[in-house]
Amino acid sequence: MLNTNAKFIWLASYPKSGNTWVRIFLSALLTGKEPDINNLATNLIISSRQLIDATLGFSSSDIPEDDYLFYRTRMYEVYAKAHKQEYILCKVHDACILKGEVLFTPAITRGTVYILRNPFDMVASTANHHNVSIEQALDYICSPEHALANRRTKLNNQVSQYMGTWSQHLQSWENVHHENMLLVKYEDLVNDSLQAFSKIAAYINIPHTKADVLQAIENAAFQKLQNQEQKTAIKMAPHVKKFFRSGKVGGWRNEITTDQAMRIIDCHYDALLKHGYIDTAGNILV
Amino acid sequence: MSTTNLKYKYCVGGITIGSDIHYPELILDNSHKDVEVVLAYGEVPETLDNNRADFPIVEVNEDNYLLKIPRAGRYWVNKGDRITIQAEEGATLEDVRKQSLTAVLAMLGYQRNYIMMHGGVVIINGRGVLITGISAMGKSALLAALSQKGCRVISDDISYIQVIDKEVIAFPSFPRIMLWKDSLRKLKLKAEEGQKLRADMEKYFYPVSNSAFQEQVRIDTVCVLTSSIGCGLFKTLSGLGKTTHLRDNLFHPWILGPMGKSGYYASRVLGMSSLVDVMLFGNDQTKSIEELADLFIENMTNA
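Those protein sequence lines, which keep their order, are chains A and B.
If you're matching positions, the first sequence starts at 1 in my numbering and goes up one per residue.
If you're matching positions, the second sequence starts at 1 in my numbering and goes up one per residue.
One chain only, chain A, in its complex shape (with noise of 0.2 Å):
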């Protein structure tokens, strides 16, 4: 049940979990258009340095992140308290707690869509996205320290964001919001989408008939994202060769060495069994 005294609905994922598809879905699902990348009806997020010193009332690059790390909640608040919507879309790639402090607590949430997605197909995406190895993206989601936009000597356009290793990032939203949230894996956005996204539309409490959802996912569909990115850089990664890759589910094992894929049921082993992504005895279901 949406928590209707309060606005914002995260879309929270890890990076490359298919956070940016449900967006644009969800653009494409409110505007009833075919949403353009770089202009989409929910783009915001949570760590813009924008909304940050707005709510902070002074520039946030003036002072260390350390110091208006714990007004975070209460700048959210005012945010909302702001603005006149019902409710607030907003992308969030941190994890829930920082340093034993709940960044997005139950008060201030409407909802939560928490997007997960196995995280042996993710590294090889994160590892494009990044320009890094395999290897490099391993270290990443596997590391208790892995933070975004988290270098001290550069400013960038969104405060670092810390989320630690996929599996701590992903109970860390459930253990705050888990009697709040949906939980949709990005292998039945690609499987069953239509299932999948109308489970989202729902939960959010947009109107919506079938023809709408299914208009929507053809306006999402991954061909005529491919289709843009060829024509017009994607602003949110203008480093990016590709932002938009295969998308396809177990592509993994094309692109991950068996050792890799081990090492990541050793990092997540507990988590990967919890959400169906290996059996007990260590198997791939994916």
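If you are wondering where the hints come from, they were derived from the structure by calculation, not from laboratory data.
Wrong hints could be hidden among the right ones.
[Claimed, not checked] Beyond 10 Å from chain B on every Cβ pair, some chain A residues (computed): (1) Thr4; (2) Ser61; (3) Cys267.
[To be verified] Heads up, simulated EDC-like pairs for lysine to aspartate or glutamate below, C-alpha to C-alpha not over 20 Å straight-line: (4) B:Lys186 x B:Asp34; (5) A:Lys154 x B:Glu193; (6) B:Lys68 x A:Asp53.
We put the beta carbon where it would ideally sit given N, CA and C, even for glycine.
Dock chain B against chain A, hints included.
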């Protein structure tokens, strides 16, 4: 406090500031102009009466701005003629002092009815250009690159603007550009020639030429850095688009509501937009900063 015995007299944005605090970053005012603002260490309230803002570290009302920077100090700008700083216990005075060179000076400008723009002013072949845009768009790095190519930079981060006799006039702030360590490296500048904004941050005040620094400059072009168009491309704006981009790039525009000055600045910006060209300049950081600076100079020279 008597203003005649103050050790230093500075000129920032055309405002004469008297202080006993030594600011090597600021330009000394050698004119006979009276001190208009006193900047001093002193007692600063923990909160403002009648605070109209809802920010965690900033309080604002019509006459006052109170900034509370964790592990540094509290900064109080009052009625456009006084800045008081109270260091937090344990803070380094050098850090406390330098933190007053950003938003605090901008709020002084607002209280004195300047149009405070977020960005810097550079003179290219005699033409005054204001470079603005949201944070992290590369304004300061572009200004530094233009400075390396011989263009005079008269402000960075905060620009003091007035409309005088139907001309948009920029007043120099102080001869420093704020650059992050990675930008210094890209520009082949030495970090040791700058000063850190704070000892625990890799953000530097880097000096630029201060020759003729007190001269005001007429602005005829405002350039808004953006990632919404291709890198290195220009797009001229017209009509409401000009006004919207100027308004959005005021310095900390969220302060104006609590100050009771939203309407006042809406009208000032509208007036300004009719007197300048406004264009977008694409920067998604896929081109080198040198390339961008060359394209910028070429366009401003030929426009």
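Grab the minimum beta-carbon distance between A:Ser61 and chain B and tell me whether it stays above 10 Å.
Non-interface label on A:Ser61 violated, nearest chain B Cβ at 6 Å vs cutoff 10 Å.
Taking 20 Å as the top limit, are the C-alpha atoms of B:Lys186 and B:Asp34 close enough?
Cα-Cα ~42 Å, so violated.
Is the Cβ of A:Thr4 farther than 10 Å from every Cβ of chain B?
About 22 Å separates A:Thr4 from the closest Cβ of chain B, which puts it past 10 Å; holds.
Decide if the proposed pair is consistent with the structure: A:Lys154 and B:Glu193, CA atoms, cutoff 20 Å inclusive.
Holds, at about 18 Å.
Any Cβ of chain B at or closer than 10 Å to A:Cys267, or is the non-interface label fine?
The assertion about A:Cys267 holds, with a minimum of 31 Å to chain B.
Tell me if the straight-line CA distance from B:Lys68 to A:Asp53 falls inside 20 Å.
Answer holds: B:Lys68 to A:Asp53 is near 15 Å, not above 20 Å.
The earlier numbered hints that this structure contradicts are 2, 4.
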